[in-house]
Amino acid sequence: MIAEIGHFALVLALCVALVQAIVPLVGARRGVDSWMAVSGPASTMQFLFIAIAFGALMNAYVTSDFSVMNVAQNSHTEKPMLYKVAGVWGNHEGSLLLWVTILSLFGFAVTLFGRNLPPGLRSRALAVQAMISVGFLLFILLTSNPFARIEPPPIDGSGLNPILQDPGLAFHPPFLYLGYVGFSMAYSFAIAALLEGRVDPAWARWVRPWTLAAWIFLTCGIVLGSWWAYYTLGWGGWWYWDPVENASFMPWLAGTALLHSAVVVEKRDALKSWTILLAIVAFGFSLLGTFLVRSGVLTSVHAFATDPKRGVFVLGLLVLAVGGSFSLYAVRAPAMKMGGLFAPISREGSLLFNNVLMATGAATVLLGTLYPLFADALNLGKVSVGPPFFNAVFLPLMAPMVVVMAVAPMMAWKRGDLAGVLGRLKVVAALALAAAALVWFLQGGSAGPWWTAGGFALAVWLGLGTLVDLGGRIGLLRDPGRALGRALRLPRSSWGMVSAHFGLAVFIVGLTASSAWTIEKIQTQAIGETVQVGDYAVTLKAVETVPGPNYTAARATFDIARDGQSVALMQPEKRQYRMPPRPTTTAAIRSGIAGDLYVVIGDEDIKGGFVTRLYYKPCVLWLWAGGALLVLGGLISLADRRHRIGAPARARVAGVGAKA
Amino acid sequence: MRSGLYMLPVLVFGVLALFFLKGLGLNPREIPSVLIDRPVPEMTLAPLPGRGDSRGLDTADLKGRVSVVNIYGSWCIACVQEHPYLVEIKKSGTVPIMGIDWRDDPVMGYAWLKKHGDPYERVGVDPPPGRTAVDFGVTGAPESFIVDKAGIIRYKHIGPITPDIWTRTLLPIIRELEKK
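Protein chains in written order, with our numbering: chain A, 1 to 660; chain B, 1 to 180.
Just so you know, not all the hints are guaranteed correct.
Unchecked claim - With a straight-line Cα cutoff of 30 angstroms, these simulated DSSO-like cross-link-like pairs (lysine-lysine) come out: (1) B:22 with A:382; (2) A:607 with B:156; (3) A:382 with B:180; (4) B:180 with B:156; (5) B:90 with A:607; (6) A:309 with B:156; (7) A:541 with B:180; (8) A:607 with B:115; (9) B:115 with A:541; (10) B:156 with A:541; (11) A:309 with B:22; (12) A:521 with B:22; (13) B:91 with A:521; (14) A:607 with B:180; (15) A:541 with B:22; (16) B:180 with A:521.
Rather than coming from a laboratory, the hints here were simulated on the basis of the structure.
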């Protein structure tokens, strides 16, 4: 019964979304206020109905209602509660329902927080938002109904893939979706602006916090996913340039570029058509990811149930949403008024430079991801594009971007003084070169890879350059007495920028060190045998069988010694899940600032030894710390007073909007 | 000129969309094999030095019971991914797995098995240019073939075997063939 209510609520949501997609749009065109006003209550109702549907599916999972096919296929009574709940979005149908739930939540948020918006812009944006809803609700109802019943219901479900039974992964999809779907806000507002034919700083000031929020969620989702891959897959890797990873990385790149170009629109009223394009591209990449994952056109380790019929449907959506908006862009964007002019050497210029590099980076990732498809379609044979391509093409593009990142925040708007800025960065440049030389010396010259020195130089340049910029802003050297006061009064968006840029520098350290200097030892180890991994002597002490809630584990105990002193015990596990019967490995990781010791237990061999994989991975913690600083920077910037409701700036925004 | 530039995104997207449409009709995992339902090719492959076998892999080894032939190489990155699971299957004793060390230095091929575990009952070396694998219709590694009791190839799987693919696709086929 409850499942039927959920199904029915989805149908109602579709009807409401149809009204919301048409009436406000016509109203905005004809200037009928009451028609435009439909958008508010409609988006609230749409959210309510979809929330009811989501709640109904959640209920089916929590109560293990196996007469619902989706639950029977993906859940099991023995599963811990957290994974019953996470099971809702651990499958194709449920994850789509989460997708539209978040979409309608964002629409609802516009109604809630967007009272100050010009009514025309708001109702048009909500109508566009509703069009996306219509597409996805139709997709769910026609091809992927999560509420389909099964007759007769099985006694128990077939379980969730044990590798997905992990807290890191339970929260990874919701964050990613909040990110992907969050970009729909920028998209809807971009389309609304194209329809109105006007983009102004008020538009950017409204779009930026939503883009920022989406970006924070997406960053969180990607970091969580990488972290999960690192500690559960048992290979010690965290990024594989897999098509599905790329599908999340491309919108991230476009979104990051969008965040920065929206600043230029907001402050300088320039780069408008470029910003609109990025807003369409960021959401377009999100939709593209959905298409790639669910249509089966590419092979990926992320196996979703694929079905060509669904693929045709998503492709249709993609063509309508992206093709349609690009066409609108081609017609409307040329008429858009050029804003403030600027010299190439200026903050706008350097932001644009990095924007272009980031867009090029996203394009190369797209090319690498789709190349197998191109080759197949053109009968050039089956190929796969792996990490070597991406590392060789993408990373070199990012190096100049990082160089400019340290310089850009110090440049003045309109016309910058490059010589002056470089003068302030003289010491930083010297330190970056010194770091490169030191790293080269410590790794024994060409005994290590050549790019480590470059990686560290970039990290030092960006990290210290960001701090020098901060020092300059608060007048640390000029007037140290009042520096603290100035630091407290610094806009939060500046602190956000400092945190995020510094975070990237920290991340680069982790990336460089962990890719270059990982020590890997794979062998058969007998009980009592010691293997030396870097500075650590790793001794296999015992392997015992331990029962878990829905699995049985073989738990190994390793003694870790350094300089003859025992420093820790580590207990990796090899689990055999009962339902579905699948093995997983749980690595034991000892994290430190200098690096992680990563221990995996494998199978027993005939002679009673165990296959063990022991890694020492330098600076992995820096990767997560860098990711955390990026997210923190986003959060601080989001808390900036000009983004908050009721802040003085807000009134001015509304004023500008109403006047224009 | 300027407005031409604004047309660019929609044109690029149009080309992409055409490729996607074409791509929907293609299956990246499936490459038609002319050898399905044909007997395994005649072969007498040399043993892997160091493994202690007196002989490698012969056509006769694939007759009389259902078996899986797995193509690997020490140079193959994706093989590392499926390998632990193959070792797992070997431990469960479900079905014998035969390895073909393809286009590889046999010494490296053996070292690789020592490093990652040895799931194979027999291993044959197919040195460059890899004639036997060509007879099998191999396009890349890893690739696996299910061979029935009569020594006839019944199924070909391209790419790494994952637990999902194993339990949902390969295992049912093997069970079915074992009943015959």
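Proposed proximity, residue 22 of chain B with residue 521 of chain A (alpha carbon, max 30 angstroms): violated, 45 angstroms
inquiry  = residue 22 of chain B and residue 382 of chain A were given as a pair; does the straight-line alpha-carbon distance stay at or below 30 angstroms?
reply    = holds, 15 angstroms
**Asked** Within 30 angstroms, alpha carbon to alpha carbon, are residue 180 of chain B and residue 521 of chain A?
**Response** violated, 45 angstroms
Has the given pair, residue 382 of chain A with residue 180 of chain B, been kept, meaning a C-alpha gap of at most 30 angstroms?
-> At roughly 34 angstroms apart (the allowed maximum being 30 angstroms), residue 180 of chain B and residue 382 of chain A break the hint.
- Item | Pair hint outcome, residue 156 of chain B versus residue 541 of chain A [Cα-Cα no greater than 30 angstroms] | violated, 42 angstroms
**Prompt:** Between residue 115 of chain B and residue 541 of chain A, does the CA-CA distance stay at or below 30 angstroms?
**Reply:** Since the Cα atoms of residue 115 of chain B and residue 541 of chain A sit roughly 21 angstroms apart, the hinted pair holds (cutoff 30 angstroms).
Quick one, are residue 541 of chain A and residue 180 of chain B close enough, alpha carbons at most 30 angstroms? Given that 30 angstroms is the threshold and the Cα spacing comes to 47 angstroms, the pair is violated.
*Decide if the proposed pair is consistent with the structure: residue 607 of chain A and residue 180 of chain B, CA atoms, cutoff 30 angstroms inclusive.*
violated, 36 angstroms
Hinted pair, alpha-carbon criterion (30 angstroms max): residue 309 of chain A, residue 156 of chain B. Please report holds or violated.
holds, 25 angstroms
- Message: Just to be careful, I want the Cα atoms of residue 541 of chain A and residue 22 of chain B compared with a cutoff of 30 angstroms; is the pair within it?
- Response: It is violated: about 56 angstroms lies between the C-alpha atoms, which goes past 30 angstroms.
Original post:
Are the Cα positions of residue 309 of chain A and residue 22 of chain B separated by 30 angstroms at most?
Top reply: holds, 14 angstroms
- Query: Given the hint that residue 90 of chain B pairs with residue 607 of chain A, does the C-alpha gap stay at or below 30 angstroms?
  - Reply: Judged against 30 angstroms, a Cα distance of about 16 angstroms means the pair holds.
Figure legend: structure checked against the earlier numbered hints; hints not met, in rising order: 2, 3, 7, 10, 12, 14, 15, 16.
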